[in-house]
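S.K.: Listed here are the chains, written in short residue letters.
2 protein chains.
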Amino acid sequence: MADEPINVAADQLRLFIERIERLEEEKKGIADDIKDVYAEAKGQGYETKTMRQVVRLRKMAKDARDEADALLETYRAALGF
Amino acid sequence: MADEPINVAADQLRLFIERIERLEEEKKGIADDIKDVYAEAKGQGYETKTMRQVVRLRKMAKDARDEADALLETYRAALGF
Chain A
375 MADEPINVAA
385 DQLRLFIERI
395 ERLEEEKKGI
405 ADDIKDVYAE
415 AKGQGYETKT
425 MRQVVRLRKM
435 AKDARDEADA
445 LLETYRAALG
455 F
Chain B
375 MADEPINVAA
385 DQLRLFIERI
395 ERLEEEKKGI
405 ADDIKDVYAE
415 AKGQGYETKT
425 MRQVVRLRKM
435 AKDARDEADA
445 LLETYRAALG
455 F
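Top line first, the protein sequences correspond to chains A and B. Here the numbering used here = 1-based position in the first sequence + 374. Here the numbering used here = 1-based position in the second sequence + 374.
Each hint should be verified, as a subset may be incorrect.
[Said to hold, decoys possible] Covered by chain B, according to a simulated footprint, are these stretches of chain A (three or more residues, beta-carbon under 8 Å):
no.: 1; segment: 390-403
no.: 2; segment: 406-415
no.: 3; segment: 443-454
No lab work stands behind these hints: they were computed from the structure. The beta carbon of each residue, even a glycine, is placed where N, CA and C say it ideally should be.
Same shape as in the complex, but just chain A (with noise of 0.2 Å):
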């Protein structure tokens, strides 16, 4: 058929699409999650804006050691040892 071509790749990008929007579920259901969380945690009298900024500060700590442990990664390769 003449239009086989277009088929063809119109079911590829239609499977690209559609495992992007199955993973956006996931997403969305582990956001869903998250809020769950906090409002649990705020049910139990947890101020939810301290904690998301404690969430936030921590993150900001192991990136910064994550950062540092890779430099030195770097610098030991470049070194060989």
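Fit chain B to the known structure of chain A by using the hints.
M.R.: The following block gives chain B in isolation, referenced to the frame of chain A:
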């Protein structure tokens, strides 16, 4: 011990924070998977900006359908059929 109540609260708070951090890690993993799919599609010659637009438009269409369905359910429930 006089400080036990504080320790208990600290443990509870730590558990909440750690649950959130684990979920954030999972969410990050999925976001990376989504990036990988776009990169793969780009490698096949697809324009990822247009793909993101397609995903957005399909989501808007789905949200509109879901909203209409929910409203229909509400009306049916109100009328008891």
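S.K.: Decide, hint by hint, whether the structure agrees.
M.R.: Cross-check of the supplied hints:
1. 390-403: holds (count 9)
2. 406-415: Check passed, 6 qualifying residues.
3. 443-454: With 0 residues closer than 8 Å to chain B, the segment 443-454 of chain A misses the three-residue bar; violated.
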